[in-house]
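A.B. asks: Each chain is listed here by its residues.
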Amino acid sequence: MTAHEDSNRPIAIDAGSGAHPTDTQAAPPGINRRTLLTGAAGLHVGLFIGVRGGATFLARIRPDGSPQDVLAQGAEGAMLGAYVSVRADGGVTIAAPVPDIGQGVRTSLVMLVAEELDVDWESVTVEQAVAGAEFGRQSIGGSGTMRSYYTPLRQAGATGRAVLVAEAASRWGVEASACRTESGRVLHDASSRSLSYAELAEAAAGRPLPNAGSVSLKSPADFRIIGQPIHRVDNADVVTGRAIYGMDARPDNLRFAVVARPPAIGARLQGFDEAAARAVPGVLELVEGVSGGVAVVGETTWAALQGRQALAPRWDTSANAGLGSDTIAADLQAGVSAPSAPDGAATSVEAAFDLPYLAHATMEPMNCTVELIDGRAIVWAPTQSPQGVRRGVARGIGIDEDAVEVRPTLAGGGFGRRASTDYASEAATVVKAVGGAIQLLWTRDDDLQHDSYRPASHHKMAAGLDDEGNVVGYTHRMAISSTRGGDDAAAAAGRRAARVDGTNQAGGGGPYAIAGYGVQSTRVRIPVPTFVWRSVDHSQVNFANEAFLDMLAHAAQMDPVAFRLANLSQARLKPLVERAAADIGWGRDLEAGTGLGIACFQGYGSYVAQAAEVTVSSDGVVRINRVTCAVDCGVAVNPSSIRAQMEGCVADAVATTLRAQITLSEGAIDQDSFGSYEWGRMADMPHVEVHIVDSTAGPGGMGELGYPAVSPAICNAIFAATGKRITRLPIRREDLAGWAGPDAPVDPPPPEPDARLFMPRVLNEAGS
Amino acid sequence: MPTIAFHVNDEPREVDADGAMPLLWALRDLLGLTGTKFGCGTGDCGACTVHVDGRAQPSCVTELSRVAGKQVRTIEGLSANGDHPLQRAWQEHDVPQCGYCQAGQIMTAAALLDSEAEVDDARIDQAMSGNLCRCGTYQRIRAAILAAAAEVRP
Numbered sequence: 001m002t003a004h005e006d007s008n009r010p011i012a013i014d015a016g017s018g019a020h021p022t023d024t025q026a027a028p029p030g031i032n033r034r035t036l037l038t039g040a041a042g043l044h045v046g047l048f049i050g051v052r053g054g055a056t057f058l059a060r061i062r063p064d065g066s067p068q069d070v071l072a073q074g075a076e077g078a079m080l081g082a083y084v085s086v087r088a089d090g091g092v093t094i095a096a097p098v099p100d101i102g103q104g105v106r107t108s109l110v111m112l113v114a115e116e117l118d119v120d121w122e123s124v125t126v127e128q129a130v131a132g133a134e135f136g137r138q139s140i141g142g143s144g145t146m147r148s149y150y151t152p153l154r155q156a157g158a159t160g161r162a163v164l165v166a167e168a169a170s171r172w173g174v175e176a177s178a179c180r181t182e183s184g185r186v187l188h189d190a191s192s193r194s195l196s197y198a199e200l201a202e203a204a205a206g207r208p209l210p211n212a213g214s215v216s217l218k219s220p221a222d223f224r225i226i227g228q229p230i231h232r233v234d235n236a237d238v239v240t241g242r243a244i245y246g247m248d249a250r251p252d253n254l255r256f257a258v259v260a261r262p263p264a265i266g267a268r269l270q271g272f273d274e275a276a277a278r279a280v281p282g283v284l285e286l287v288e289g290v291s292g293g294v295a296v297v298g299e300t301t302w303a304a305l306q307g308r309q310a311l312a313p314r315w316d317t318s319a320n321a322g323l324g325s326d327t328i329a330a331d332l333q334a335g336v337s338a339p340s341a342p343d344g345a346a347t348s349v350e351a352a353f354d355l356p357y358l359a360h361a362t363m364e365p366m367n368c369t370v371e372l373i374d375g376r377a378i379v380w381a382p383t384q385s386p387q388g389v390r391r392g393v394a395r396g397i398g399i400d401e402d403a404v405e406v407r408p409t410l411a412g413g414g415f416g417r418r419a420s421t422d423y424a425s426e427a428a429t430v431v432k433a434v435g436g437a438i439q440l441l442w443t444r445d446d447d448l449q450h451d452s453y454r455p456a457s458h459h460k461m462a463a464g465l466d467d468e469g470n471v472v473g474y475t476h477r478m479a480i481s482s483t484r485g486g487d488d489a490a491a492a493a494g495r496r497a498a499r500v501d502g503t504n505q506a507g508g509g510g511p512y513a514i515a516g517y518g519v520q521s522t523r524v525r526i527p528v529p530t531f532v533w534r535s536v537d538h539s540q541v542n543f544a545n546e547a548f549l550d551m552l553a554h555a556a557q558m559d560p561v562a563f564r565l566a567n568l569s570q571a572r573l574k575p576l577v578e579r580a581a582a583d584i585g586w587g588r589d590l591e592a593g594t595g596l597g598i599a600c601f602q603g604y605g606s607y608v609a610q611a612a613e614v615t616v617s618s619d620g621v622v623r624i625n626r627v628t629c630a631v632d633c634g635v636a637v638n639p640s641s642i643r644a645q646m647e648g649c650v651a652d653a654v655a656t657t658l659r660a661q662i663t664l665s666e667g668a669i670d671q672d673s674f675g676s677y678e679w680g681r682m683a684d685m686p687h688v689e690v691h692i693v694d695s696t697a698g699p700g701g702m703g704e705l706g707y708p709a710v711s712p713a714i715c716n717a718i719f720a721a722t723g724k725r726i727t728r729l730p731i732r733r734e735d736l737a738g739w740a741g742p743d744a745p746v747d748p749p750p751p752e753p754d755a756r757l758f759m760p761r762v763l764n765e766a767g768s
Numbered sequence: 001m002p003t004i005a006f007h008v009n010d011e012p013r014e015v016d017a018d019g020a021m022p023l024l025w026a027l028r029d030l031l032g033l034t035g036t037k038f039g040c041g042t043g044d045c046g047a048c049t050v051h052v053d054g055r056a057q058p059s060c061v062t063e064l065s066r067v068a069g070k071q072v073r074t075i076e077g078l079s080a081n082g083d084h085p086l087q088r089a090w091q092e093h094d095v096p097q098c099g100y101c102q103a104g105q106i107m108t109a110a111a112l113l114d115s116e117a118e119v120d121d122a123r124i125d126q127a128m129s130g131n132l133c134r135c136g137t138y139q140r141i142r143a144a145i146l147a148a149a150a151e152v153r154p
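As they're listed, the protein sequences go chains A and B. One point on numbering: in the working numbering, the residue at position 41 of the first sequence is 41, and numbering is uninterrupted. One point on numbering: in the working numbering, the residue at position 30 of the second sequence is 30, and numbering is uninterrupted.
Worth flagging that the hints you see were computed from the coordinates, not collected in a lab. All residues carry an ideal CB built from backbone N, CA and C; glycine is no exception. Fair warning: there could be bad hints in the mix.
A few chain B residues that face chain A, going by a derived Cβ cut-off under 7 Å, partial list only [to be verified]:
| hint | residue |
| --- | --- |
| 1 | Q87 |
| 2 | Q102 |
| 3 | L146 |
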């Protein structure tokens, strides 16, 4: 790791040796063209290798060159790029083009480049790319990062390898095809010669670059890095407190800002005690007009918080005084009519489900640091959208985007929240007013009460079964809260309208060969801001579908696993259902009060089945003991990271099944802390087992895959244990009323497992 | 403003600040020790956990005046070279996802291992109950604590 001398100092992480930057006050990670060209001592050569849409697009940065060709061709959103540099000491620096919010892309994306470049992982240093058109679309979300970058970043690495090989072959006067690479060296076995990449890099950078589409990529059988459970490159810094998150940005003469925010939706500021706020020691400035409130700038965060307290703002909260969780529930229930089961069905099944608003509640609250110097801004932001932050800050200050440099920091969680850039725009507004360097921070109550929430929803379901237990009709109508109204049916031709506020993703259809399976979505206009939350509306749609399917299975007097296998049409899901069931021990004898449940999900290009073992005490306390996950995400680039995503999704689902919800009273959010927005703790965490199917299919998304099936699996297990069907989350004690405990008979008794199905304990690892 | 003197990571430090200022903000904004994180400000999440005279406590609800003359230890001072058994175990189990809560998790776990030679699942559940992880790394945290405990056990 080499520190740069100017304010652009990047922090690089030595992936293998545990070496790390020692300057804890250094600016957060960031590289830009200038530092590439001039910054790092020992920088041997910088190659910027761009791949547009998986096809040909190459450019380079040379000591004498500027990247106009990149910018000229690199329309934002189209091009994906990688920056690779080979240092004199043989180390290789690779830029992570998008931010890491905990999903591990600073590790997994860089693995792709390193694999095809053919260097040892231990020689790799990771730097974070700044926001810039040359890196293509840098926003992260929709579990799309690995899917978008898998091929282009491999092509980028292979392109770097190709020019290094070409240079060596030229020096030796041999055919490039007679050479091979290994561990950062080019070898010509016939003559027993070899050269290190460091020896070749400078001259290689002057060679013509091959067409990205023409470079050959490794066969999966030859992968040495992809597929390994490689640990996060930031671990050493995280465990020692050196890792730099947004809040840790410390430009010189930094001042701190918090905002007094409207206490209810649509509340209007009527006045505040300016003198009292200014009298607080350390309070420096007040800025009105920040998100409908007043920003207080202080010498320290504490001074700003004390100033906000003293401000004692007065609000008109009449706009939504009649809005509460009860009125919202009524509006949602009225938003869709109850479907009826098809005529002639031997058995009709109907149900309704209700799901609440959820806050993102990232561990690191929203914050953004902006330093304004001579009309230019440097921004440190924990964000899912570096380029969105760049736009927002430029607009907020009133300067060109070219005058804004965004350095994405590590982010303390995202879950969709950091795809919004409101907090960056607020920081820009404040810095425009007061100049200098400002860190704007949301407190936890700000975060919980001013989020854009996972929408509340109401679901009405009906289906019929024939005499043999076949599903002969299926209707799922969802009313989902939105600040914009409208019927998704009208938008069937074009999904754009339905997704206008980002809350809808699940459409019709699905993995089952059941006519009508899926969802018909109607957005009900409610003035509670909503936005994407981990797995978007799959979090609601799949809960209702998979819980309802469980009801159908019982109505058909079929085992829930057998029922799914009988109705699934998605071939990649069937072995996963079998595997998750086998791993949980489906069909075994259980203590009274303990039950097993299963559910599955396909989305984001991936597939998962999850089974839960749950114990319900006689006083209605639900304990989730184990969750088994069988995952098919195509090629498993980093199994440790994939398991982590599964564990995290299970933890989220446990929290939202048992406790977490956002409610409203008189137009205001009721929850203001982790005391009232109760997330899962250590003792709540079930044992999670993850089986990853061996696959060479293209990678699917992982960040959201693990959430949508867990809550239904848990609730299906509760039904198996108690005979109580959970139809709303989070579970209330009264929803288990009548469950008299493990000694009580379960009504109705769960069907006997199908002995023919259950179950070889170990299935084919290949998942075929 | 009064001057408040205490030790941070074995170094004597003085800050001129309101005695009601939470230790968290003194560490972060006055002393430049940003390894201790802000998560809630109400003592509900544990992200800001430090040791005061060897006991783990949330620095966001610990007033500066209460640490005068005391020994404060932050994640930056847990070990000289980042090699405390817990710091190594955390890396060996690839615990962090976003990583933001982990300094607080480690400081709580370190206080636990300092005070007790034997820990089990139930004790970990109890001792770690004040530390929230929004990414859901609990299973790996548990494994890392058990591994480190096995190493330090006399």
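A.B. asks: Find the hints from earlier in the document that the structure breaks and name them by number, from lowest to highest.
C.D. replies: 3
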